[in-house]
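Asker: Chain B with the ligands: place on chain A using the hints.
Number of protein chains: 2
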Amino acid sequence: MSKSIAGPEIERLIQLLARVPGLGPRSARRAALHLIKKKDQLFAPLTAAMAEAVDKVRVCSTCGNVDTSDPCTLCTDPRRDGTTIIVVEDVSDLWALERAGAMNARYHVLGGTLSPLDGIGPDDLNIKRLVGRVAEGGVSELILAVNATVEGQTTAHYITDQVAGMEVKVTRLAHGVPVGGELDYLDEGTLSAALKSRTSF
Amino acid sequence: MSKSIAGPEIERLIQLLARVPGLGPRSARRAALHLIKKKDQLFAPLTAAMAEAVDKVRVCSTCGNVDTSDPCTLCTDPRRDGTTIIVVEDVSDLWALERAGAMNARYHVLGGTLSPLDGIGPDDLNIKRLVGRVAEGGVSELILAVNATVEGQTTAHYITDQVAGMEVKVTRLAHGVPVGGELDYLDEGTLSAALKSRTSF
Ligand SMILES: [Zn+2]
Ligand SMILES: [Zn+2]
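If you read the protein sequences in the order shown, they are chains A and B. Residue numbers are given in UniProt numbering: position 104 of the first sequence equals residue 104, and the series is strictly consecutive. Residue numbers are given in UniProt numbering: position 1 of the second sequence equals residue 1, and the series is strictly consecutive.
Next comes chain A alone, as it looks inside the complex:
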């Protein structure tokens, strides 16, 4: 807003809300007004939830996940298969895989990918701890669920080298046609991979 139409506290609230992904300047104003109107039903409880989360959130020292406990909910869940670790670049990938609900394994969050051009080397990622988890034993499979990008694949190769000689199988996600995907929108690499890995019908 060019001129101030509300006190500095509300202006600042709108400015900060505009930086939340999914909201922009216009949505931020609408969101602020909605929060103000629903003060007791939403604004106050959300503020309290944020204050609690911002205070308690931490990075899991075992797997790199974010949670309000360390070790995190997933690392301490006794129903999970600790012999399999799914390695992801980012917590958002972990959440996406959990929503898919395909595996009941443990995770390891790298916090990015190797990228020499950006000055990101092995020590900038959560790799040493991963190798340590494998070396401690009890892990029979590492599923490298990194992105199918150059950086993701470089990182996958690096990790594979680091655990070479340890008693662990290293696998990666299958390439193929996305469920519901249309063939003529897919790139040639994906189509070739899907053909090569074809399964019997």
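Don't read these hints as lab results, they were simulated from the structure. No incorrect hints appear here.
With a straight-line Cα cutoff of 27 Å, these simulated DSS-like cross-link-like pairs (lysine-lysine) come out:
#  : chain 1 : residue 1 : chain 2 : residue 2
1  : B       : 56        : B       : 39
2  : B       : 56        : A       : 38
3  : A       : 56        : B       : 39
4  : A       : 38        : B       : 128
5  : A       : 128       : B       : 37
6  : B       : 38        : A       : 128
7  : B       : 56        : B       : 38
8  : A       : 56        : A       : 39
9  : A       : 169       : A       : 196
10 : A       : 56        : A       : 38
11 : B       : 39        : A       : 128
12 : A       : 39        : B       : 39
13 : B       : 128       : A       : 39
14 : B       : 128       : B       : 56
15 : B       : 128       : A       : 37
16 : A       : 56        : A       : 128
17 : A       : 169       : A       : 128
18 : B       : 56        : A       : 37
19 : A       : 39        : B       : 38
20 : B       : 39        : A       : 38
21 : B       : 56        : A       : 56
22 : B       : 38        : A       : 56
23 : B       : 169       : B       : 128
24 : B       : 169       : B       : 196
25 : B       : 37        : A       : 56
26 : B       : 56        : A       : 39
Answerer: Then chain B with the ligands, alone, in the frame of chain A:
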């Protein structure tokens, strides 16, 4: 999420974020994760701004606007023309008019429209205070910037009746073609009104 993948504080944060307009369940997860990652740059400052706003926000006892001071920023702005009051249904309309920046007047927020079917009568709206402001004198024009709906127009008529006999001119927004609007998308009522109120070129 079907199963819990994070501590209850984060699950609750996501649930409440999903109720913010502009965010949905999926965006709420993305927003929560972004906040957690940008803990010092965004999450903590936003939480602090919300805590301050939720604590300080109040309804202006003069005009019905929401702000962190009472009377509000607009009611106390000495550069505004106090002889004109723009009457709006909602604070969001006030904000929209301020963004348009067309008038430097004062406002009055009704908090809704008369709607007998929904059981909303004059006492449920901020009308008595408006009539009081006019009765106190010094107001030469009331611009009824209510929506062009049946309820909006009913409310406009009611207010006009209430200030009848007082020395105040009551006006309303012009009907017409929206700037940038295409004629063949407009309803007949708007087109008729735009023709009737045509101006010389
Ligand atoms: Zn963990
Ligand atoms: Zn006010």
